[in-house]
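Student: Each chain, letter by letter, is given below.
There are 2 protein chains.
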Amino acid sequence: EHGTSNSGGESSKESSRSSTPVLAADRTERLRDKMRRRTESGDHWFSLEFFPPRTASGAVNLVSRFDRMGSGGPLFIDITWHPAGDPGSDKETSSMMIASTAVNYCGLESILHLTCCNQTKEKITGYLSKAKHLGLKNIMALRGDPVGADWEEEEGGFNYATDLVKHIRCEFDDYFDICVAGYPTGHPEADSYDEDLRHLKEKVDAGADFIITQLFFRADTFLKFVRDCRAIGITCPILPGIFPIQGYQSLRQLVKLSKLEVPEEIMRVIEPIKDNDAAIRNYGIEQTVGMCRVLLESGNVPGLHFYTLNREVATMEVLRQLGLWIEDPRRPLPWAVSAHPKRKVEDVRPIFWASRPKSYIYRTQDWDDFPNGRWGNSSSPAFGELNDYYLFYLKSKSSKDALLKMWGEELTSEQSVYEVFTSYIKAQPNCAGHKVMCLPWNDEPLAPETNLMMDELDKVNRRGVLTINSQPTINGKPSDDPIVGWGPPGGYVFQKAYLEFFTSSENVTVLLKVLKKYEPRVNYHIVNVHGQNTTNAHDMQPNAVTWGIFPGREIVQPTVVDPVSFMYWKDEAFALWIEQWAELYDDESPSRMIIKYIHDNYFLVNLVDNDFPLDNCLWQVIDDMFELLDNPPEEQPTEQPVEQPAEESPVEDQSPK
Amino acid sequence: EHGTSNSGGESSKESSRSSTPVLAADRTERLRDKMRRRTESGDHWFSLEFFPPRTASGAVNLVSRFDRMGSGGPLFIDITWHPAGDPGSDKETSSMMIASTAVNYCGLESILHLTCCNQTKEKITGYLSKAKHLGLKNIMALRGDPVGADWEEEEGGFNYATDLVKHIRCEFDDYFDICVAGYPTGHPEADSYDEDLRHLKEKVDAGADFIITQLFFRADTFLKFVRDCRAIGITCPILPGIFPIQGYQSLRQLVKLSKLEVPEEIMRVIEPIKDNDAAIRNYGIEQTVGMCRVLLESGNVPGLHFYTLNREVATMEVLRQLGLWIEDPRRPLPWAVSAHPKRKVEDVRPIFWASRPKSYIYRTQDWDDFPNGRWGNSSSPAFGELNDYYLFYLKSKSSKDALLKMWGEELTSEQSVYEVFTSYIKAQPNCAGHKVMCLPWNDEPLAPETNLMMDELDKVNRRGVLTINSQPTINGKPSDDPIVGWGPPGGYVFQKAYLEFFTSSENVTVLLKVLKKYEPRVNYHIVNVHGQNTTNAHDMQPNAVTWGIFPGREIVQPTVVDPVSFMYWKDEAFALWIEQWAELYDDESPSRMIIKYIHDNYFLVNLVDNDFPLDNCLWQVIDDMFELLDNPPEEQPTEQPVEQPAEESPVEDQSPK
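Protein chains in written order, with this note's numbering: chain P, 100 to 756; chain F, 100 to 756.
It is worth saying that the hints were derived from the structure and are not from the lab.
Quick caveat, the model's predicted, so the values are computed rather than measured.
Each hint should be verified, as a subset may be incorrect.
Incomplete in silico selection of chain P near chain F, CB under 8 Å [said to hold, decoys possible]:
#	residue
1	Gly-475
2	His-637
3	Ala-643
4	Trp-646
5	Pro-650
A virtual CB, placed ideally from N, CA and C, is assigned to each residue, including glycine.
This is chain P alone, in the form it adopts within the complex (with noise of 0.2 Å):
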């Protein structure tokens, strides 16, 4: 990309202007675009199938799903629409949300199945705009199956795919991207193969940018489809269905409703085993890496396209072995970018969310614009409120009874809580020998920089200093640092050490005292759930605590510390604690009065050393605190009242509501 010869004419200076200058250009691309630039540069790639899950906790664990399979790095995922699942609606299972959620949530490139037959066009125009409006730029655009036997053509109504691809072309205009489905055997219900090529170039001419097949277990019924596409005029890219075999049930059910024939080749070597399912699993990855690679050294293939099944371990397999699997440690920023397309420009956040980014998505979800650049130029005023206590792809994915091991069936004092924190600091059993892998904060372990604090870290959660994020100090590492780095090669990352934890009104009465010594160095924000508020953030101006230096770029700083949203943030980190906590335990149970305590009177402190070049002085600002505490300075003999903890600590009732 560099050593280019560039314009520096009238058009180009528009095209400099509001860029963001770190993201990739894909980020930006429309699906087809990507598509092209990838089979321009023969760099082969690979596409995902997924259903909508049945129940709640299915949607909860499929966007797990979404987030280990997004990381091998797919061009998109597409979620099939199921008519018989009210797939337009807001439910968590619903075709509609999960791509939605795989979009804005997961960052994922998603396309979102249609299906037209027995539907108004009143009905398919409203499914397209809630798209849209929910930063869907993609449609598989399908007839879908006619409901009854005496189904008839309507007219004026929707036949085929065909008058639903015109219908998104002439309503939509270029805003969507199209795919259509194509049948290498020919669809089952077509006079004939030819007369369904001839459907499919209809499809094709009256605006599709794409052809994804139906399945196939032979890499030559493929290309013979493709040529025979190629001979009539098809010229748009054509992906290859994939389905790996991954056991004998499942094989013959998809067989029977999509009238296909598996070859006897096939079936000959599953049917001694087609009780042993590892066994059909592995000839099912033997079998389509065989094919795949077949059908790549064809060259008429840029991208596989695979029918997941909702399961992983069968289509990543293959995918290693193809070498197409890259799990590619590079971070464009420092968190996971949403794919919607108004978030484009979006590369600074407030870092209190850095372990709940699907909230901070939810919360800043209607706002219009995204920071660009600088926090302190958002034009986005406030935070939406956190309801339906939680969404689904916030909850956690561990159950009631095994939060309750992990945080304990009983608690039975403050020092209780302790423990639960340093267990998960350290990942190590709990008193009663279960080890803690999430708190309400934290839903995943612990990330590897988070580590590199380990020991500190444990200390301090020991004394009643709950850490819920924290990052070290970074002085200009390459951005190509397994561990901290992010952005383009050739840069440079730095951080300022970040520090937020809660702790006892008795620890912050002492840790105001400390913190004077580490004036400016130290930038403070301290709140209870009253919202009474002491700080010393210059003007609330934002601190940058992330930032990037790279070649030929401007800066970028994606992660302040910002005292504003601050204020949101607190009122869920404490909610958290009731909400995911608290709730696990009776009424009026010790557990329940216990945590309760803690959401009544603790603090949520978060501290920032400026100092980066210097070696991170906040644990030293702990260890200052506990020592006052330890050994508190002898009270001169006064007439005078006993010094009042509030006038340490002056503080305001400043809620943000």
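Using the hints, position chain F against chain P.
Tutor: Just chain F now, kept in the frame of chain P:
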């Protein structure tokens, strides 16, 4: 400022948006608020009065004086209004233009005087509208001297300054800060001292924000005046007008105009030394310092206002002796900030105009928005033309004669041009024995940080790499570093090395070969006067080359290399060869032809070393170029035609116009 408890409530949510992180509050405060803040802090200040010059070269000199006297830290300057001198016109000597230049180009808070007698309301409103449009925020409202002995009050007209104050408040609401004149011994035309005080109270009640007094010779005179003002309810700031006696004639003239009496104790000293200018000036300084000390120690004087008579020495000496002249080496940004209210958020500029900031301000004066935080966000699409070759504040302070002595009465070759550059870099005499103090692109001696690279600059200029702009690598120096520091204390500043020069097309051909070895470490732009342009800038994005990290702030990146602005800058940079240098010589003279040849054939090159933690590699790039020029690789015998320079430097016509 740190350590205070701030509100996290609704209003501060608003106030934290769209703020400029590094710039001090006094950049956005209005004059009366600055004055109140300084008064409350007990921090004495000074201000300076100037009158408009009579000639264009006088205007050039006065603007230089503004720059010099601005460095001592005046709270404001004021420019008198000369009704006979076409004061509201666009002439370079008008009161309006001088005040506008002080605000926009010298970054000085300024007050424009305005007199109203014998003027129509329409005329006055026109002056005020023009002042507002030019970014002036403060008016000194005066009656002025009636013209003709038969002047009479006019019903509904401007008879007194009070009428003007009312008119300003009526037509412009609270937009302007208004100052009025006070007469410590009573206005010469007033019936009595008491009546004059009542008039002053009327002016304040009509909306004046503060008072500056006529000059006086005894501290008691002023202090009594303040007491009398307070007694009748005048509560606004009252600034003493200080007149350091600088000569016998100027004293007599002033006394005659102001109808003041010089106290006997002063006349007794002066009369005997009236022909000894130096002695009178020394006495004036001593007398003024003594009086100012009494004033400041009274506790009733927050700041001192000096009638400078457009001279520097006496006022600066008085201020130095009083400890009020504070040359603060700390800079809010690496470049001088304009005082125009519209530019108050500006904190990013292209590096190209570093030595011609007034030209940059002029060419962007019509922008509605200025870059804040990121250059890419600028909504300002284009640079204005640099017309009127050249504006008075861009004119060289040197005469044609002086320029010829510095740049050569007669040039004999390109080499003699190289020698002029070398003499400038080394601040040494040229072959004719004259020191080269400026170049067309640099009207000032080299910046201290450029001195850090003097040996390298000297070496490359000798060989025709004619440098016009450069900065060294800085990897995290403290923000209070005396040479490269800027911004608030406790921060760290960084730079990428930058080098900009003219050089021959032969050199450029070889340079492009060398630069291939430095991909992607070095970004380059190479362009000739015709707009033939070669660059490796990624997507034409700007490259931040100066940035700073500060406690509790967002990142600031005040200087960028922007490919788009470079195309505007190159027009200006090439034009300076002709307009400032070639035109010194006769048409068709060899000297003129040599400059013209360079203008027509040389390329303007800029280089950025992105790897700021390493040693600057740009000198090595130039060395490699010389090395390759001196020892070209032997050509392999071949039947192909000899390699053309064009193949090594793919170029297109890309003039921005």
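Student: Does each hint fit the structure? Answer for all of them.
Tutor: Evaluated hints:
no.	hint	in the structure
1	Gly-475	holds (5 Å)
2	His-637	holds (5 Å)
3	Ala-643	holds (5 Å)
4	Trp-646	holds (5 Å)
5	Pro-650	holds (4 Å)
Consistency note: the structure conflicts with none of the earlier hints.
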